[in-house]
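Protein sequence lines, in the order shown, are assigned to chains A and B. Residue numbers are given in numbering that gives the first Met the number 0: position 181 of the first sequence equals residue 180, and the series is strictly consecutive. Residue numbers are given in numbering that gives the first Met the number 0: position 277 of the second sequence equals residue 276, and the series is strictly consecutive.
These aren't lab readings, by the way, just hints derived from the structure by calculation. Be aware that one or more of the hints could be misleading.
[Said to hold, decoys possible] Where chain B lies over chain A, by a calculated footprint (3+ residues, C-beta under 8 angstroms):
1) 140 to 147
2) 155 to 162
3) 282 to 296
4) 327 to 336
We put the CB at the ideal spot given by N, CA and C, even for glycine.
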Amino acid sequence: MLRLEVRPQPSVRWGYASPLLALAITVVIGVILFAVLGKDPVRGLQVFFWEPVKSGYAWSELMVKATPLLIIALGLAVCFRSNVWNIGAEGQYVLGAVCAAGVALTAGKDTGVWIIPAILLAGVLGGMFWAGITALLRDRFNANEILVSLMLVYVGIQVLNYLVYGPWKDPMGFNFPQTKTFESVAQMPRLMQGSRLNIGLPLALLGVVAAWIFLFRTYSGFAQQVGGLAPAAARYAGFSSRKALWIALLTSGGAAGLAGALEVAGPIGQLTPFVPAGYGFAAIIVAYVGRLHPVGIVFSAILMSMFYIGGELAQSRLGLPKSITGVFQGLLLFALLACDTLIAYRVVWKK
Amino acid sequence: MESIALLIAASLNAGTVLAIASLGLLINEKAGIVNLGAEGLMLCAALAGFAVTVHTGSTVAGFAAGMVAGALLAAVFGVLVIWLNTNQYATGLALSLFGAGFSAFAGTRYVQEKLPEQVQHAIPLLSDIPLVGPALFRHHPMVYLCVLLTLALIWFLWRTRAGLVLRSVGESPESAHALGYPVRRIRLLAVVAGGALCGLAGAYVSTVYTPLWVENMIAGKGWIALALTTFATWRPARVLLGAYLFGGVTMLQFHLQGIGVDVPSQFLSMMPYLATVVVLVLMSRNPTWIRVNMPASIGKPFYPGS
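The following block holds chain A by itself, in its conformation from the complex (with noise of 0.2 angstroms):
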């Protein structure tokens, strides 16, 4: 019989290779289901591997979709390495969006550039402050914060339809619900022609190198992860857990919201009830096949991306529904934590 044997060291090697042998059993099974859909396989492939990253102009839309995932997996990478269930960001992603709307829809046509900065900011704080309701929570009163974070995702959208269908409706929309469309100033700026990439990227990228620096060079980033690894360690060591719940909270709450807000006065451009598009959860996903590290974080929001744009493609081209996203990054997570069986077990063969 297959018997799992515990490794005396965590290997390192499946380390890096699970999430690889992750994705390539995600594969397989997406060339079992194009072939079972009737679909060329080859085809299908094409479409999530291939046409995202065969020209400049591909390539850019591809890192325009991994910019928030990167942002908000990047916070949740500090979150999960401290213990701390953090799965509402898709809440505290629209909080974010909608404070920055909010900002950028006093801006008019004489307004100067310093609203973009304060546009950020309203929406890292709107992020921060629903994400504080989960720490305040947790830390007063003790409530898990896995079912609070994620009841107030539920109640950030129904705010946010409450000013789109009310209060922030575009008079001149036809009743359509949504704000109107942001002033041009109050648009994040572009960083080329011809292509939609703007400031998030760069801001993202810094965001990778200051999460590194956090977790590993810093001495506050050191506890948050010893508080995860080994509770009582840290209270040995006189670390704070309530402390630590909080930085873990509100990083990952305002890394939310500032994605929130980069997309709302980005690609979108105004507040639709079409903000919330499940980059919370997907980020999950991203953060832990990036392996809670910023840099391969980098490389799973690419192919997080790649699986959003191929779903895109996959309903224009294949005629399959865009859903199709959903169930490869489902599978993937899937794939990843059963892979991951290995970095702590060995395999072996036991009569």
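Chain A is already provided as a structure; the job is to place chain B on it using the hints.
Positioned in the frame of chain A, the structure of chain B alone reads:
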């Protein structure tokens, strides 16, 4: 008065969905496993139940399909968590994300489908009593079955040997293992049984409660059911009462809209979710209270011989 009777009826119906799912999760948690995948599992089961009902015309077949779908997905979750020792929270989350994606993908062709006309249920004589009749005796049989299920679960958990073993596996798997019980197999059975109940709840949603299929139609009910087990401090009777209470909160919004309360509908839609948060806060405030009632090994992996 008439409208109060209807509100009670609607609350019991809504509460039944939550109660069935939550009782399933209670079985899991009593055996020491937390399944955060309830939402995704219910979505897949809702689709399976709906599709089978569309093709066969039988709601009962739909329920069975939902239970099978729930049990299968739960089995996958169980094998990962119990044999491969993957993190329970992360694996449950994966199931929720996968379930949402898969049901949306597989269900596209069912979005416009309609179910056969629903049969009106009424208990003879009793249903004719004014007010009480419409409130309590004109329900789908599932509403009454759910009460029976609660009683059966109380009996099983606290009055049978198997129930004792199940609880011991959740409290102290090491002791149960030392006594020679197959801890992992028992946990898997509990997970599959719980998954089947969640699946039944999902199928009830798509075939009876709101007889249609749309993406993400479970709308957080799986998560609320998870919160309910804490709320009920892992007691089946309290799960049932809590579920009715939550059903009431959910239905109150429609009631308030009906009588023309001037609050934007979005704020009313928030109520079940806000109520969940409030309840969690109230129940968790006292850590000792939770610790005394919570299965001691909940969420902790167990691998014999390590």
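Out of the numbered hints, which ones does the structure contradict?
-> none
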